[in-house]
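**Student:** First to last, the protein sequences are chains A and B. Once you know that position 4 of the first sequence is 58 in my numbering, the rest is easy, because the numbers rise by one and skip nothing. Once you know that position 21 of the second sequence is 556 in my numbering, the rest is easy, because the numbers rise by one and skip nothing.
Please note that the accuracy of each hint is not assured.
[Said to hold, decoys possible] No more than 30 angstroms apart at the CA atoms, straight line, and that leaves these computed lysine-lysine pairs for DSSO-like:
1. B:K592 / A:K96
2. B:K592 / B:K549
3. A:K125 / B:K592
4. A:K110 / A:K152
5. B:K592 / B:K546
6. B:K546 / A:K152
7. A:K152 / B:K613
8. B:K546 / A:K96
9. A:K152 / A:K125
10. A:K96 / B:K613
11. A:K96 / A:K152
12. B:K613 / B:K592
13. A:K96 / B:K549
14. A:K96 / A:K125
15. A:K152 / B:K592
16. B:K613 / B:K549
17. A:K152 / A:K122
18. A:K110 / A:K96
19. B:K546 / B:K613
20. A:K122 / A:K110
21. A:K110 / A:K125
Please keep in mind that the hints were generated in silico from the structure rather than gathered at the bench.
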Amino acid sequence: GESVGLHLPTLSVQEGDNSIINCAYSNSASDYFIWYKQESGKGPQFIIDIRSNMDKRQGQRVTVLLNKTVKHLSLQIAATQPGDSAVYFCAEGGATNKLIFGTGTLLAVQP
Amino acid sequence: GAGVSQSPRYKVAKRGQDVALRCDPISGHVSLFWYQQALGQGPEFLTYFQNEAQLDKSGLPSDRFFAERPEGSVSTLKIQRTQQEDSAVYLCASSQGGTGFSYGYTFGSGTRLTVV
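Next up, chain A with everything else stripped away, as it sits in the complex (with noise of 0.2 angstroms):
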């Protein structure tokens, strides 16, 4: 299928190894923010989400980490597995519905 993840910041790790992915957004005024998962071929997929009043949020295997005063947020993957091989984004949401993606960032699993 056809790549989305030409000319991105790479990420690679060894499987079983933490991932992390760093972003940062543009936006003071945001409170809400996502990260999605995206493979070749396919839409967004939601991993986790984040609202302003919080600095952290855990999931199965996924924390994301807020820093609003550097306007900073990470998104850790524990215990990495070639399934998660992909290109990762950040978005952040306000007042209006739409959403202010990331470049994106792909994280290559080596077996």
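Take the given structure of chain A and dock chain B to it, following the hints.
**Tutor:** Leaving out everything else, chain B in the frame of chain A:
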């Protein structure tokens, strides 16, 4: 249906041709969004519907782009006189809620448009 369905999956258009891209949202979802994703980049907002009302079309790049959702379910994105810079994946998303982000988006797989 179980997910957001988009058709066609791929579309090749000659420059100057008109195209129509279809989105079938999840049944009962109030909100519908169109995004454009250029190769290697994140999706960019085009337009937003709440039921049949187009509440935000600020992201449409030119007046060649037109979207409609006449009965509050299926939506069509039309691009007139296509140009090479229109080549991209066009993503549709729907959500249950009417305002805010109380309900998450679900994206379709997109339509890849190539203008030659």
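**Student:** All hints, please: hold or fail.
**Tutor:** Taking the hints in turn, this is what the structure says about them:
Among the hinted pairs, K592 of chain B with K96 of chain A is consistent with the structure: their alpha-carbon atoms are about 24 angstroms apart, no more than 30 angstroms. Between K592 of chain B and K549 of chain B, the direct Cα distance comes to roughly 26 angstroms. Compliance with the 30 angstroms bound is thereby established for this hinted pair. Our distance criterion of 30 angstroms between C-alpha atoms is met by K125 of chain A and K592 of chain B, whose separation comes to about 27 angstroms. Between K110 of chain A and K152 of chain A, the direct Cα distance comes to roughly 23 angstroms. Compliance with the 30 angstroms bound is thereby established for this hinted pair.
Under the criterion of a C-alpha separation no larger than 30 angstroms, the hint pairing K592 of chain B with K546 of chain B is consistent with the structure, at around 23 angstroms. Among the hinted pairs, K546 of chain B with K152 of chain A is consistent with the structure: their alpha-carbon atoms are about 26 angstroms apart, no more than 30 angstroms. Among the hinted pairs, K152 of chain A with K613 of chain B is consistent with the structure: their alpha-carbon atoms are about 20 angstroms apart, no more than 30 angstroms. Restraint check for K546 of chain B and K96 of chain A: the C-alpha separation of about 16 angstroms stays at or below 30 angstroms, so the hint holds.
Taking the CA atoms of K152 of chain A and K125 of chain A, the gap is near 19 angstroms; set against the 30 angstroms cutoff, the hint holds. For the hint linking K96 of chain A to K613 of chain B, the alpha-carbon distance of about 21 angstroms falls within 30 angstroms, and the restraint holds. Of the pairs offered as hints, the one joining K96 of chain A and K152 of chain A holds, with about 20 angstroms between alpha carbons and a cut-off of 30 angstroms not exceeded. This hinted pair checks out: K613 of chain B and K592 of chain B have alpha carbons roughly 13 angstroms apart, not beyond 30 angstroms.
Proposed proximity of K96 of chain A and K549 of chain B is supported: the alpha carbons are some 25 angstroms apart, at most 30 angstroms. Of the pairs offered as hints, the one joining K96 of chain A and K125 of chain A holds, with about 28 angstroms between alpha carbons and a cut-off of 30 angstroms not exceeded. Annotation: proposed proximity of K152 of chain A to K592 of chain B holds, straight-line Cα distance about 11 angstroms (limit 30 angstroms). For the suggested pair K613 of chain B and K549 of chain B, the alpha carbons sit about 15 angstroms apart, so the restraint of at most 30 angstroms is met.
Taking the CA atoms of K152 of chain A and K122 of chain A, the gap is near 20 angstroms; set against the 30 angstroms cutoff, the hint holds. This hinted pair checks out: K110 of chain A and K96 of chain A have alpha carbons roughly 28 angstroms apart, not beyond 30 angstroms. Pair hint K546 of chain B plus K613 of chain B holds up; C-alpha atoms about 13 angstroms apart against a cutoff of 30 angstroms. Straight-line distance between C-alpha atoms of K122 of chain A and K110 of chain A comes to about 11 angstroms, which keeps the hinted pair within the 30 angstroms bound.
Proposed proximity of K110 of chain A and K125 of chain A is supported: the alpha carbons are some 14 angstroms apart, at most 30 angstroms.
Going down the numbered hints, you'll see the structure goes against none, and every one checks out.
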